[in-house]
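Undergrad: So the protein sequences, as listed, match chains L and R.
Going by the numbering used here, the letters in the first sequence line up with residues 1 to 310, in that order.
Going by the numbering used here, the letters in the second sequence line up with residues 1 to 310, in that order.
Keep in mind the hints are simulated off the structure, nothing from the lab.
Model, not experiment: these values are computed from the prediction.
Be aware that a few hints might be false.
It does not matter which identical chain is used: a pair holds within one copy or between any two.
Subject to a maximum C-alpha distance of 20 Å in a straight line, what follows is the list of computed DMTMM-like cross-link-like pairs (lysine to aspartate or glutamate) [to be verified]:
id, residue 1, residue 2
1, 232, 245
2, 108, 38
3, 237, 260
4, 183, 260
5, 232, 61
6, 154, 84
7, 183, 257
8, 154, 245
9, 237, 159
10, 108, 84
11, 232, 150
12, 154, 38
13, 183, 214
14, 232, 291
15, 295, 180
Protein chains: 2
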Amino acid sequence: MIVVLAGGVGAARFLQGVVQVVPQQDITIIVNTGDDREFYGLHVSPDIDIVLYTLAGIVNETQGWGIRDDTYHTMQQLSRYGNEDWFMLGDRDLATHIHRSQLLRQGKSLSAVTDDLRTRLGLQLRVLPMSDQPVATHIQTPAGLLHFQEYMVKRHCSDEVQDVRFVGATEARPAPGVLDALKAADAILIAPSNPIVSIGSILAVPGVHDVLHEASGQVVAVSPIIGGAPIKGPADKLMRGLGMEVSAVGVTRCYRDFLDVMVIDHQDAQLVGAIEDLGIPTVVTNTIMRDSASKAALARSVLEAAGLTF
Amino acid sequence: MIVVLAGGVGAARFLQGVVQVVPQQDITIIVNTGDDREFYGLHVSPDIDIVLYTLAGIVNETQGWGIRDDTYHTMQQLSRYGNEDWFMLGDRDLATHIHRSQLLRQGKSLSAVTDDLRTRLGLQLRVLPMSDQPVATHIQTPAGLLHFQEYMVKRHCSDEVQDVRFVGATEARPAPGVLDALKAADAILIAPSNPIVSIGSILAVPGVHDVLHEASGQVVAVSPIIGGAPIKGPADKLMRGLGMEVSAVGVTRCYRDFLDVMVIDHQDAQLVGAIEDLGIPTVVTNTIMRDSASKAALARSVLEAAGLTF
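The whole structure should be built from the sequences, with the hints applied where relevant.
TA: Shown next, in the form of structure tokens:
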């Protein structure tokens, strides 16, 4: 069994490689839900949807999120009714949020709803939200405490980052299956996702950090920072705001308590010494996922670093 | 002040004539909400929407409902998630239901939400739901008690009609302004809507029937049955099922307690005697609304029958 801790676009692309190498029924994905937010009374789970859409082959590959060839007619009309329209939700995409919200209101858990969507989209792997309870990532800025989506999407990451808070995390419990999957895993892969808001929120769910620390399977992380910057997203701004070094070394420090192997890109080969000084063996490979073959090659390297061969 | 009791398509087309003759600020429309139903956890008010879309000039004129040039991408995806798809909701139309549901969940009344939509769509007249409490029209059939939308849209009016029930009506109250508008009206026009399920549900709201009986303004109805059949919808099946005569005479009997004048089509001129035998003066005119001019002409005839000139 392989467990992957996942955020959004970077994780989904990494998973496109993993599913080429590992049978779907041997994969459990634990997904960040700290970015979840209600829009128009509908529950949106951006990272779960990115992972599901990507693995189901219906994602808008250019954006990395949303459904391919989607239209925006509902949002245009919602905007006419005076609603905010800074978070783009396509018409097909809205079906996911309508369906999810309906099931949640019927009393189903986010886990159950996610599993329903996963099945409907024809996927065999297991997709678990990090928690069934709401955990909302907020960014402390000079303009106040902003929900992560407001910080990132509405205000385009333009505010100075002073702190990051996972509101609700202390009261949240890991979703059913999360801790057991981590305990039973032959390898735990940390996708090249934002270490602060994507993986950090998963780590903030009580119990997850401790189980990772004690896990019998190897914990292997892929750095999302290559050559001093993330491929996508605001990881650099968040790390810098929190006083961290924006590099694979900084990422390693986020995970060093439980990390067994760090995987970094050839561009960062000069950082091997600094990472190994933290006590973490390091693998250098190509971590830039340009196409299907490079995604599979990265997955193979990471699994090999975890001591597994496929 | 003119008050119009309204169902869906027939009423909306009649109102397109009324607004050509009467200034919008002098019009109050009381709309049937017995057809309301939740789809995918969203509150759909078909008749309110037909009236609003039609008067705002955005209705799909061919269907009589929905928004012009709408797409169905959200529903297609909802169907992929295993949801029923017999009630067609377009993408732009869904915005109305999402917006309405959000405001209702925030604690706003259906009246307040309807007024919000009315304003957003640029209309100056007053649109009141018959009640802010749920009243659900059900049809008793050999297959059981069916919600009106199931009877009509899902099962295409194929079941034998044994009875009609307005579930919740006895506990419902008229929406704020409904009784006052009826009391203060210079004329109360009953649109050519289904007398059983569209107007009948409004009459089932406690207080409405009595106020109509005592109203100082003239009450004038337009028969939706012409030449023994409705222009649109299942009024004939419902009237027949309830043992009523499917004609302008049968419609008159539904309203005779409070009706001052009946307006019928030239095709039914031979029914004048039978209607006047019920004690109801009758006006014969062209009630078939083919175009903008014939709608305005009908409105003028009806208002004249109410003793008003514009």
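Undergrad: Work down the list of hints and note, for each, if the structure agrees.
TA: These are the hints, each one checked on the structure:
1. 232 - 245: Answer is within: at 17 Å inside a copy they meet the 20 Å cutoff, but 70 Å across does not.
2. 108 - 38: both (17 Å within a copy, 18 Å between copies)
3. 237 - 260: Answer is neither; intra-copy 26 Å and inter-copy 74 Å both fail.
4. 183 - 260: within (15 Å within a copy, 80 Å between copies)
5. 232 - 61: within (13 Å within a copy, 46 Å between copies)
6. 154 - 84: within (10 Å within a copy, 34 Å between copies)
7. 183 - 257: Within one copy only: 16 Å inside, 76 Å across.
8. 154 - 245: For residue 154 and residue 245, neither the intra-copy (26 Å) nor the inter-copy (61 Å) Cα distance is at most 20 Å.
9. 237 - 159: within (9 Å within a copy, 64 Å between copies)
10. 108 - 84: Between copies only: 19 Å across chains, 28 Å inside a chain, cut-off 20 Å.
11. 232 - 150: within (17 Å within a copy, 48 Å between copies)
12. 154 - 38: within (14 Å within a copy, 31 Å between copies)
13. 183 - 214: within (8 Å within a copy, 76 Å between copies)
14. 232 - 291: So residue 232 and residue 291 pass the 20 Å test inside one copy only (16 Å; across, 56 Å).
15. 295 - 180: The answer is neither: 28 Å in one copy and 69 Å across copies each exceed 20 Å.
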